[in-house]
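K.L.:
Given next are the chains, with one letter for each unit.
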Amino acid sequence: MEKEIFALVGFWEIILSIFMQWQAYTISNIKTFSVQSWILGIFLLWAGVFHGFTALIILALLTIITRAIAMPLYLGNTIRKQIYRARENKHRISTGLSILISLLLAVFGYLVYYLILAGYGQSLVSIPITLMLQGAFLIVSRSNAYSQLIGYLVMENSMFLLSFLFSELPFIVEAGIILDVLGVVVVAGLLMRVRDEDIEKEEELLG
Amino acid sequence: MLNLFFLSILQLLYVFALAPLAVGILHVFDERLSSRRGPSIFQEYYNLFKFFRKQSIYPKTASGFFSYVPYITFGMYLFLTLVLPIITAFPLLFGPVVDFVGGGLVFGAASTFLKLASLDSRNSYSILGASRASSIGIFTEPIILLIFIMFGVISGTNNPYVINNILQTSTSWFFSLVHLFVGVAFFLVLIIETGQLPIESHTPNEFGSIDSLMSLEYSGRELALLKLGSYIKSFLLMNVFLNVFTLPFFVPMKFNILAIVLYMFINFLKIILLLAIFAIINNIVSKYRLFKIFDYILIAFSFALMAMVVFYVVNGG
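Chain order of the listed sequences is A and B.
When we follow the numbering used here, the leftmost residue of the first sequence carries the number 1, and every step to the right adds one.
When we follow the numbering used here, the leftmost residue of the second sequence carries the number 1001, and every step to the right adds one.
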C-alpha cells in the first residue's frame, strides 16, 4: 500500500517537473512547485498519521508551511517587483526538446537504478534519482534566476523523498534541512533584488 | 448467432442515432457555460437533413475519386461501429475481425482517404488543412501505439473486449499507476482526435481550423456523410475511452437483453459526463498556436512513456 502511494506521489512530482519545462512564465513555475510541495506534505502527513509518528506529522506541517505556502508567497512577491523577469523570453533549449530530454532523464534514472543500485532491491529509488536529474536539468536549461532557484528546490524535494525511502533520518536533521532551504530562498531572493540594476552586465546567477 | 446479429444491428442504430445528439449536447453545454442560450440539442440533425436535401457540386479540377471518398470513409466508420465494444463487453458478430491495432489501422485509412480527397480538390485551404492534420497525426500516432502497447502489457492481449473485462474485474490493475497514466495520455489524445479547444477551434477563419478545412469543397449529400462520419468517429473514440479505458463498469459481460438496454442509457450518461468535461475545458483554455500544439503532444507522449517507466519501477523492478 505504502509502496504504491509512494510511487503515485513520486511520479506526479516527476510529471509536474516535466510540466515546469513547458512553462514560459516564472510565476506558473512557482505555483507548480507549490503544488509539488503540497503533494509531498500531504503524503508525509498521511504517512505520519498512518504509522503514528509524531515527528513525521510535525515534519509534514513544516513542509507545508515553508515550502508550499511561505516560499511561493515570498518568491511571488519578489517577482512582482521585477516584472521583466516574470517571463522567460529566451529559452536556451526549445520547449519540445527540453521535455524530450526530461523524458530521457526519467529512463536514465531507471537505468541508473537497474545497473548500479539493483542489488539493494528498492526499485522505487529510481524515482528520487529521476526527480533530482529533472531539477538539475531545469537549472541547466534555464537562464532565469527564479527558474534556476525552483530547479534547486525540486532537487531538494527529491532528497526529501529519497530520505523517506530509507530508514528515517533523525527529526532534527530533516527539520534543519527545511530551515536551510528557507534560508537559501531568502538569501537568493535578496541577492536577486540587489543585482536588480546591473541586469544587463551580468545577466543572471550563472556562477 | 441470431442474437449477436440482432445486437450488432442494435449497436449500429444506437451509434447512428446518438452521435449527432452528442455533438448537439456539447454545443449547448459550451453556450450555456458562456451565458448564452445556444441552439437546440437537435440542431445537428436539422443540419444533416438540410445537407442531404441539397444539391452536390464538385470542383471542376477534382477527379472522380473526390466524390467517392465520403462514401468510403462513412463505410469504414460503420465497420468500426460493428467491431468496438459499445453496448456490450462480449464480442458481437464482427468483433473477432480486428484487434486494437487493426481498428487503429482502419481509423488511419479513413483519415488518409480524407487527406487524399482534400489534396484532390486542389483548394489551397483544403491542402493547408491536410498538411496540418498530417503533421499532427504523425506525432499522435506513436502515442496511440504506446498506449495500446501498455494496455497489451496489462492484459496480455490486443483485444478491447479482454481489456474491458480485465479492468472491470481487477481492482489492482484499475487503480494502478500504469492505468492512471495511460488514461491521462489517452484523454489528451482524445482532445486532439475529437478536435476540442486547446488544439482546434471551429471558427470560420483559417488560423485555427484543421479538420474543418479538409471538407471545404464538399457540399450536399457528400458533406452530410462526411459530417455524420466525423460525429460517429468522435462518438466511437469517446466510447472506447469510456468503455475500455477509464470507466469500464456496468458494461454487460453476458447476453442479457434487459441489462444491455439499461446499459445503453448508462453509456449515454457517461458520454454526457465526458461532454461536460470537454465543455468546461473549452471554456477555460484558449487555442494554442499551431507550433505550440507539438509541445502539448509531447506532454501526452510523456504521460504514455511514464506509464512504461512506472510499469518497470513498480511491477518489474
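Careful, some of the hints might be misleading.
Straight-line C-alpha distance at most 27 angstroms; calculated BS3-like pairs for lysine-lysine [claimed, not checked]:
no.	chain 1	residue 1	chain 2	residue 2
1	A	Lys-31	B	Lys-1054
2	B	Lys-1254	B	Lys-1292
3	B	Lys-1287	B	Lys-1060
4	B	Lys-1060	A	Lys-31
5	B	Lys-1254	B	Lys-1115
6	B	Lys-1270	B	Lys-1287
FRET-style restraints, in silico, Cβ to Cβ [to be verified]:
no.	chain 1	residue 1	chain 2	residue 2	range
7	B	Val-1153	A	Val-184	36 to 44 angstroms
8	A	Leu-165	B	Gln-1043	36 to 44 angstroms
9	A	Ala-55	B	Lys-1254	25 to 33 angstroms
10	A	Phe-53	B	Lys-1254	35 to 43 angstroms
11	A	Ile-83	B	Val-1153	30 to 38 angstroms
12	B	Ala-1276	A	Ile-69	30 to 38 angstroms
Hints are computed from structural coordinates only; laboratory data are not their basis.
Glycine is no exception: its CB is placed at the ideal position from the N, C-alpha and C atoms.
K.L.:
Each hint needs a verdict: does it hold in this structure or not?
P.N.:
Hint check results:
1. A:Lys-31 x B:Lys-1054: At roughly 54 angstroms apart (the allowed maximum being 27 angstroms), B:Lys-1054 and A:Lys-31 break the hint.
2. B:Lys-1254 x B:Lys-1292: Judged against 27 angstroms, a Cα distance of about 46 angstroms means the pair is violated.
3. B:Lys-1287 x B:Lys-1060: With Cα atoms ~35 angstroms apart, B:Lys-1287 and B:Lys-1060 exceed 27 angstroms; violated.
4. B:Lys-1060 x A:Lys-31: Violated, at roughly 56 angstroms.
5. B:Lys-1254 x B:Lys-1115: 40 angstroms, violated
6. B:Lys-1270 x B:Lys-1287: 26 angstroms, holds
7. B:Val-1153 x A:Val-184: 36 to 44 angstroms: 42 angstroms, holds
8. A:Leu-165 x B:Gln-1043: 36 to 44 angstroms: 56 angstroms, violated
9. A:Ala-55 x B:Lys-1254: 25 to 33 angstroms: Cβ of A:Ala-55 to Cβ of B:Lys-1254: about 54 angstroms, so the range 25 to 33 angstroms is violated.
10. A:Phe-53 x B:Lys-1254: 35 to 43 angstroms: 49 angstroms, violated
11. A:Ile-83 x B:Val-1153: 30 to 38 angstroms: 48 angstroms Cβ-Cβ, so the 30 to 38 angstroms window is violated.
12. B:Ala-1276 x A:Ile-69: 30 to 38 angstroms: Holds, since B:Ala-1276 and A:Ile-69 (Cβ atoms, about 33 angstroms apart) stay within the stated range.
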